[in-house]
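Please build the complex by placing chain B on the supplied structure of chain A, with the hints as guidance.
Residue numbers (our numbering), protein chains in the order written: chain A, 1 to 150; chain B, 151 to 240.
Read the hints as simulated data drawn from the structure, not as lab findings.
What you are looking at is a predicted structure, and each value in this text was computed from that prediction instead of being measured.
All C-beta atoms in this analysis are idealised placements derived from N, C-alpha and C, irrespective of residue type, glycine included.
Among these hints, one or two may not hold up.
Said to hold, decoys possible - Chain A regions said to be covered by chain B (calculated; three or more residues, Cβ under 8 Å):
id, stretch
1, 20–30
2, 58–66
3, 72–86
Claimed, not checked - Here's a subset of chain B near chain A, in silico, CB distances under 8 Å, partners left out:
id, residue
4, HIS165
5, ARG167
6, PRO188
7, MET202
Claimed, not checked - Derived DSSO-like pairs (lysine-lysine); straight-line CA-CA distance at most 30 Å:
id, chain 1, residue 1, chain 2, residue 2
8, A, LYS79, A, LYS89
9, A, LYS79, B, LYS229
10, B, LYS207, B, LYS229
11, A, LYS89, B, LYS178
12, B, LYS229, B, LYS178
13, B, LYS207, A, LYS89
14, B, LYS207, B, LYS178
15, A, LYS91, B, LYS178
16, A, LYS79, A, LYS91
17, A, LYS89, B, LYS229
18, A, LYS91, B, LYS229
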Amino acid sequence: MALQVLSPMPGRVANLSEVPDPMFAEAMLGPGLAIDPPREPVTAVAPISGTIASLFPHAMGIEAEGYSILVHLGLETVKLNGEGFTLLKAKGDTVTAGEPVIQWDPAAIEAGGLPVITPLIAIQAEASQITQLVADGTPVEAGQPVFEVA
Amino acid sequence: MAEITVTLPPGVGLHARPAALFVGAAAKSSCDVTIGRPGEPGVNAKSILGVMGLGAKAGEEMVVTAEGDGADELLASLKEILETPEGGHA
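So that you can see chain B by itself, here it is in the shape it has in the complex:
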């Protein structure tokens, strides 16, 4: 299983828009993907409501894990989405 830790950028945290982008990217992959706080069980990263339910705030560290084909590439792209500040999204 591959794992990365990402610090959420300044802004409003992992709310609806970033969550939708993040989940959209995760859901396209065949990997099992989770996101959560360090030391806590993660939630299914393909569930918008699950990810929004974390209520993750700007500046928090989040751990993303992926298991399956292309896990490393997937994590790299998810990291980029999470680290893009609000307003930086198209």
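The shape of chain A in the complex, shown without the other chains:
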């Protein structure tokens, strides 16, 4: 049974090749897509139900049933040391898909010179395991299923 992965935020679906970071664009971490968020404060929600295996102010990794999904809020945002991000959960917490995890303001991050496009990655999956449910360029809501991983 395929696992549905939800968009963590409202925004526009983008192909990973549009992400200006080869680590994501070349799917080094795994396949997926990206969400280009609105330039206003948003709350990033859990893309799947599971355990928060990895949590940083700028990124969350959630594990469930052998799948791992990474949400990386913007690019190179590790450099901000958490400034501009508010964590609503802790590493090790169990979350339900759609539950709020991180608050951030893409407008402020972008004003600071960093890209805000947000990769949504099926960690260490094969490209053939992914079925994209929403075409590139389409606007989506937070919590809307955007791809399935088999």
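Coordinates of chain B only, in the frame set by chain A:
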């Protein structure tokens, strides 16, 4: 079992990019590989999320272990990856 201790270079620590490179190299090997802090149980070094979940910071010491064929060579190459400062990667 072979084991090395590596001090992470200045920078942002073992986050997504270094973790991806490190795990990519570990995953190519048939060895069982772990990484962790001294005195703590390590995590599977072939799991990107596991390695990122350590939240290892610049200047921290990390212990890497490997068991299996070519463990010493593997550890030498993993040490090089971990000790390469951010920006030094292709």
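Hints breached by this structure = 6, 11, 17
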